[in-house]
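**Student:** This is what each chain is made of:
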Amino acid sequence: MENILNYIIAGLANGCIYSLVAIGFVLIYKSSGILNFAQGTIVILNAFVFYSFTIQLGIPMVIAILLTLAFGALLGFVIERFILDRLIGQPILAVIILTLAFSEFLKGIMNLGWGTDILSAPQLFPRGNITILNIVTLDYSRIAFLVITFFLIIIFAIFYNKTKIGLAMKATSDDTIAAGSVGIRVRRVFVVTWIISCITAAAGGILVTNVMGIHIQVAEIGFKAMAVALVGGLQSLPGIIIIGPAMGIIEFLSAAYLDPLVDGGMRDLVPFIILLIVLIFRPSGIFGWKHIERI
Amino acid sequence: MWRPSGLFHVNYSQEIAFVQTPFQWVMLVLGLFVTFALPLFIPLDALNFFIKAFITITAVLGLTLLTGNCGQISLGHTAFMAVGAFVGAPLLNQGVPLILCLIMAGLAGGIVGLIFGLPALRIKGFYLAFATLAAFYVIRFILIHYFGGVVGHNVPPPSILGFSFNSDFRIYYLIASTCFAMTYFTKNITRCKWGRAFIAIRDHDIAANTLGVNVYFYKLMAFFIGCFYAGVAGLVLSIYMGWASVDHYSLTNCIWYLGMIIVGGMHSISGAYLGVFFILGIEEMGIVIAPKLAELFPQLAGSMIGAVPIIFVGLVLVLFIMIEPRGLVHRWEIIKTSIRIFPFSN
Amino acid sequence: MLQLVNVEVRYHEVILVIRGISLEVQPGQIVSLLGANGAGKTTILKAISGILHHEDGKVSEGFVNFQGRRIDKLEPYATAEAGILHVMEGRRIFEHLSVEENLLTGAIMHGNGKTHSDLEKVYTYFPKLASVRKRTAGYLSGGEQQMVVIGRALMGRPKLFLLDEPSLGIAPLLIKEIFDILNAINRDEGISMLVVEQNARIALDFSNYGYVLENGRIVLDGPSDKIKQNEDIKEFYLGLSELGSRRSYKDFKHYSRRKRWL
Ligand SMILES: Nc1ncnc2c1ncn2[C@@H]1O[C@H](COP(=O)(O)OP(=O)(O)OP(=O)(O)O)[C@@H](O)[C@H]1O
Ligand SMILES: [Mg+2]
Chain A
1 MENILNYIIA
11 GLANGCIYSL
21 VAIGFVLIYK
31 SSGILNFAQG
41 TIVILNAFVF
51 YSFTIQLGIP
61 MVIAILLTLA
71 FGALLGFVIE
81 RFILDRLIGQ
91 PILAVIILTL
101 AFSEFLKGIM
111 NLGWGTDILS
121 APQLFPRGNI
131 TILNIVTLDY
141 SRIAFLVITF
151 FLIIIFAIFY
161 NKTKIGLAMK
171 ATSDDTIAAG
181 SVGIRVRRVF
191 VVTWIISCIT
201 AAAGGILVTN
211 VMGIHIQVAE
221 IGFKAMAVAL
231 VGGLQSLPGI
241 IIIGPAMGII
251 EFLSAAYLDP
261 LVDGGMRDLV
271 PFIILLIVLI
281 FRPSGIFGWK
291 HIERI
Chain B
296 MWRPSGLFHV
306 NYSQEIAFVQ
316 TPFQWVMLVL
326 GLFVTFALPL
336 FIPLDALNFF
346 IKAFITITAV
356 LGLTLLTGNC
366 GQISLGHTAF
376 MAVGAFVGAP
386 LLNQGVPLIL
396 CLIMAGLAGG
406 IVGLIFGLPA
416 LRIKGFYLAF
426 ATLAAFYVIR
436 FILIHYFGGV
446 VGHNVPPPSI
456 LGFSFNSDFR
466 IYYLIASTCF
476 AMTYFTKNIT
486 RCKWGRAFIA
496 IRDHDIAANT
506 LGVNVYFYKL
516 MAFFIGCFYA
526 GVAGLVLSIY
536 MGWASVDHYS
546 LTNCIWYLGM
556 IIVGGMHSIS
566 GAYLGVFFIL
576 GIEEMGIVIA
586 PKLAELFPQL
596 AGSMIGAVPI
606 IFVGLVLVLF
616 IMIEPRGLVH
626 RWEIIKTSIR
636 IFPFSN
Chain C
642 MLQLVNVEVR
652 YHEVILVIRG
662 ISLEVQPGQI
672 VSLLGANGAG
682 KTTILKAISG
692 ILHHEDGKVS
702 EGFVNFQGRR
712 IDKLEPYATA
722 EAGILHVMEG
732 RRIFEHLSVE
742 ENLLTGAIMH
752 GNGKTHSDLE
762 KVYTYFPKLA
772 SVRKRTAGYL
782 SGGEQQMVVI
792 GRALMGRPKL
802 FLLDEPSLGI
812 APLLIKEIFD
822 ILNAINRDEG
832 ISMLVVEQNA
842 RIALDFSNYG
852 YVLENGRIVL
862 DGPSDKIKQN
872 EDIKEFYLGL
882 SELGSRRSYK
892 DFKHYSRRKR
902 WL
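Protein chains in written order, with our numbering: chain A, 1 to 295; chain B, 296 to 641; chain C, 642 to 903.
Honestly, the hints are just simulated from the structure, not real lab data.
Some hints could be false.
Claimed, not checked - Subject to a maximum C-alpha distance of 30 Å in a straight line, what follows is the list of computed BS3-like cross-link-like pairs (lysine-lysine): (1) A:30 - C:714; (2) C:800 - C:869; (3) C:800 - C:699; (4) A:30 - C:699; (5) A:30 - B:419; (6) A:164 - C:755; (7) A:164 - C:775; (8) A:164 - C:769; (9) A:164 - C:714; (10) A:162 - A:30; (11) C:775 - A:162.
Claimed, not checked - From chain B, some residues computed to sit far from chain A (all C-beta separations above 10 Å): (12) 323; (13) 395; (14) 476; (15) 608.
C-beta: ideal position from N, C-alpha, C; glycine also.
Take the sequences, apply the hints, and build the full model.
**Tutor:** Next comes the structure, spelled out in structure tokens:
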């Protein structure tokens with residue numbers, strides 16, 4: 001019983017990060033119709049940059065965090081200016097391969113810059129646990145995870161639903177041309193979308209490497225987040241916010257209870273299996289809306 | 296292919312004929328001759344490059360059919376190759392004849408491909424791409440956990456009628472023949488009813504359905520055939536390596552394969568050849584340059600060898616898709632046309 | 642206010658759709674643009690609002706002037722900021738937003754100051770919208786959606802409205818209601834309008850001046866009352882015929898009259 005609860009909380013904390021990362025590329029997908037397969041690599045790139053700021057350059061933690069987020073924003077801006085323009089309207093295969101090739105390219109660069117060893121991330125939160133009612137034991141970093149991602153998602157929700165630029169993003173994702181015709185600067189919306197997406201990637205990177213260590217393999221979190229997004233329904237932000245933590249919990253539970261049966265590795269597999277099952281029975285995801293296609 | 300003006304087809308069988316002009320006959324015979332004489336004249340390094348190229352072409356031809364012709368994106372291609380290798384290698388070990396092993400590897404790849412192609416009946420585009428990516432991880436997991444794992448299988452040099460393929464020189468002939476056989480097979484598929492059905496599905500599956508193309512059947516067949524190639528190529532690769540391990544079948548390679556068909560213009564056989572040689576050439580350049588860069592930047596030397604080829608190919612693909620998303624064959628057509636109509640081109 | 646001078650429009654650099662037309666809208670005026678399907682009416686509006694750029698179309702000859710400034714190279718958001726609001730063909734609402742959010746998108750380009758009073762103004766013109774303000778716009782009826790789209794454009798504080806077939810797929814009674822409201826908007830706000838319509842009778846009743854477009858050329862223009870009196874217009878656009886039921890004789894003459902225009 002105690003164990004289950006611990007797994008659930010740990011899974012919840014991890015799953016929130018999936019939601020955070022997924023929000024990033026779902027926004028891009030909604031506004032420009034491009035699914036960015038390089039998101040996971042951007043997450044880990046930001047983590048490496050954070051590592052350099054803190055450990056290698058010795059910049060104080062808070063400033064390093066801000067600098068990393070700024071780096072993320074800059075990266076988003078550059079990618080939008082440099083690549084996106086050419087991508088809109090291209091065949092899907094070209095989009096997929098371009099983002100994947102870009103991701104491999106970044107991985108190569110990271111390989112050169114930071115090597116292939118697992119680097120240990122700077123300690124963000126004090127070590128230690130609290131025990132609640134003798135049932136659940138939580139370490140501080142998990143609590144921090146939960147609180148921070150929750151907080152970030154709330155901020156994002158407010159931004160998306162209450163501000164003008166959020167409204168412009170929604171309008172653009174519904175109908176790009178109509179958005180232009182009412183005076184929305186669509187290109188600017190795209191830039192903002194990419195910037196937000198890369199900032200969430202940076203936040204996700206800083207958080208997730210704090211427990212996993214910094215290593216190129218962490219990039220696969222991007223694919224897991226993508227599985228979350230597809231299971232939730234690509235257009236549905238609420239769906240993603242719900243499915244992320246759910247996926248995290250299932251992941252941890254299956255790692256705990258299925259791993260002994262198959263000697264390990266279930267954690268990294270479960271999101272993909274769930275995705276395949278969901279896609280067969282509900283191709284547009286659990287909360288997504290059906291896409292109507294006419295000839 | 297090149298076709299002089301003044302040549303008209305007066306019936307359909309001419310239109311779809313395998314070889315259409317005397318010139319093409321000459322090229323075909325010449326090409327085969329050069330390929331088979333090649334190992335006598337080139338150094339071992341170059342031979343290895345060609346071996347790699349022919350293996351890759353075999354795999355990429357499958358993608359040409361599946362993705363280029365039928366429009367079904369597969370990010371699991373290397374996983375299907377691994378299936379072929381992991382099924383074929385133990386069979387080879389038990390002394391099953393090589394040809395049979397190749398067929399079994401192809402069938403295994405094809406059947407697994409068919410199973411993981413099932414979602415294609417309901418989804419397409421990004422969704423399908425990601426579903427096949429998921430398939431990649433699932434298959435990898437299964438292979439690692441139940442079929443020999445990361446260590447994999449030892450593959451003995453196979454033999455046909457007592458002729459043992461026990462050196463790179465000899466393996467070259469095995470691989471080139473396999474590649475040509477598969478090329479011939481591809482050509483035949485694309486020029487028959489099936490090829491046209493694939494293209495109809497790629498261009499618009501719902502419309503194809505209303506025109507009487509059995510979309511479900513042909514989509515699954517595209518997966519089966521495309522992954523058959525993967526299975527064969529996977530086994531051939533493991534024969535060349537002498538070892539079947541999941542690490543030889545990485546996602547990166549799969550990305551490069553898809554990049555190759557884009558570079559080559561997606562749906563033609565000549566495009567597949569062109570794309571493979573182009574990308575492998577770039578990779579080779581990276582491999583050659585990496586040690587030199589390592590001397591220049593000794594502090595980075597450790598990761599140089601692994602990283603530089605990837606950086607090269609990744610960057611080239613990114614730039615290529617941005618500048619010429621329709622591929623080298625498209626560019627080649629333009630150049631050819633402008634030469635043919637020379638003084639009047641612009 | 643708005644002038645098109647010798648405008649020629651091409652799609653994809655080759656398809657010549659508008660073949661040199663000149664047209665003018667005066668401040669406060671309502672101008673209608675009539676023509677058969679495919680005549681190029683929508684294309685003209687797109688050329689003015691800049692949406693053409695998104696369809697690989699271009700003003701290849703001539704120019705478009707708005708308040709003394711050349712606008713044919715501008716992006717849609719820039720023409721909108723200049724005061725030209727294009728209500729596109731086929732009710733392009735933001736389906737997943739609520740009615741009120743739809744209206745608010747029209748005000749994104751302006752400061753926050755008057756947004757609230759603008760919203761109230763839209764609700765006084767379209768009282769129906771006030772009662773469905775929280776509903777998802779995609780589920781509204783066609784007529785309500787048309788109101789949303791017009792209201793949304795009104796939120797952008799336009800000087801000139803480009804209306805593309807506001808009556809498309811709407812019941813006659815509701816069409817009349819919408820045009821009455823447009824009339825009121827024109828009168829109270831002083832917004833000029835350029836209206837494309839298939840329904841020539843309504844359009845000519847509604848407008849002060851009219852242009853008739855055929856195959857990318859203007860074949861007739863004049864004050865709406867005059868146009869209504871024109872024999873050809875009566876016959877081809879208003880469906881009135883002096884010879885009443887004996888139409889079968891006229892096929893040959895149709896042809897010759899059309900010919901004369903071109
Ligand atoms: N994006 C495009 N590319 C190529 N041709 C186009 C494009 N858009 C319109 N056309 C062509 O331009 C011509 C005029 O089209 P337009 O939409 O302006 O007609 P319209 O007068 O608005 O017709 P309707 O009354 O049916 O709306 C048509 O022949 C159409 O085929
Ligand atoms: Mg029109």
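**Student:** So, against the hints stated earlier in the document, which numbers end up violated here?
**Tutor:** Going through the list in order, the structure violates hint 15 alone and respects the others.
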